[in-house]
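Please work from the sequences and hints to get the whole structure.
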Amino acid sequence: MELTYSNQLGGFDPEKRYRNPEHFDKPEAGVTSALVIGDWPKVVEAYERVGVEVTSIEVAARKVLVAGAGDNKAELEALIGKLQIESDTVRAVIDGLDAGEIEKPEAGELAIRLFHTLDGLRLQMADLVDQRDAEVERASNLQKQVDDLLAQAAHARPETDETKEAKDIAELKDRLDAAGVAYRANASKESLEKLVADLSKA
1 MELTYSNQLG
11 GFDPEKRYRN
21 PEHFDKPEAG
31 VTSALVIGDW
41 PKVVEAYERV
51 GVEVTSIEVA
61 ARKVLVAGAG
71 DNKAELEALI
81 GKLQIESDTV
91 RAVIDGLDAG
101 EIEKPEAGEL
111 AIRLFHTLDG
121 LRLQMADLVD
131 QRDAEVERAS
141 NLQKQVDDLL
151 AQAAHARPET
161 DETKEAKDIA
171 ELKDRLDAAG
181 VAYRANASKE
191 SLEKLVADLS
201 KA
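All residue numbers for the sequence shown refer to the working numbering, where the first residue is 1 and numbers rise by one.
By construction, these hints were calculated from the structure, which means they are not laboratory data.
In the SDA-like style, the derived pairs of lysine to any residue whose C-alpha atoms are separated by at most 20 Å in a straight line are:
1. Lys16 to Thr32
2. Lys16 to Val44
3. Lys104 to Asp119
4. Lys164 to Leu176
5. Lys42 to Glu53
6. Lys189 to Leu199
7. Lys42 to Pro27
8. Lys194 to Glu165
9. Lys201 to Leu172
10. Lys173 to Ser191
11. Lys164 to Ser191
12. Lys42 to Pro21
13. Lys164 to Leu192
14. Lys26 to Val54
15. Lys42 to Arg91
16. Lys104 to Gly120
17. Lys194 to Tyr183
18. Lys189 to Thr160
19. Lys73 to Gln84
20. Lys26 to Glu45
21. Lys82 to Gly10
22. Lys16 to Ile37
23. Lys173 to Asp198
24. Lys16 to Pro27
25. Lys189 to Arg175
26. Lys42 to Ser56
27. Lys42 to Glu22
28. Lys201 to Ala178
29. Lys82 to Glu109
30. Lys104 to Ser87
31. Lys194 to Ala179
32. Lys16 to Met1
33. Lys16 to Ser6
If you want it as structure tokens, here you go:
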């Protein structure tokens, strides 16, 4: 299969297959020969690297050939120049977006409109990030308040007879353990008190 790489706008041969070299990424599979019209060294080198025969045709300058154009030739050339500038500025905006940083173009109506649209999206995303961070901080503060309230409630809980007796038994057992006195694991508070009282008599 033979491919022709050219950025021409017309005059295509229906018997040939064309590709725009401006969008070239890598050689296509199944290509046996390539014809490159214009100065596109990236295309030429890529196909030669994979062993495909490449024919390159240099184009000295673009000419506007329109039947019956006559005096409008200069206007058409100016229009094509304007379109080329528009294309270049749009491409610059897209390249900047790929790089993560875009600058407002100085010319090109479409490029400027594209920049404003992308910049508006960037600002909206920044606002959403700020709102998310604010909500995360708000949730964190609320959780801290809940933890503080729970801690205050735990300290303010009134001591019941059961909790007081359990606390007393624990203190008695600590004293007996320190003195090396044995006692039953399920000993009552009264028996523990008696054992502690005997410590003072020893």
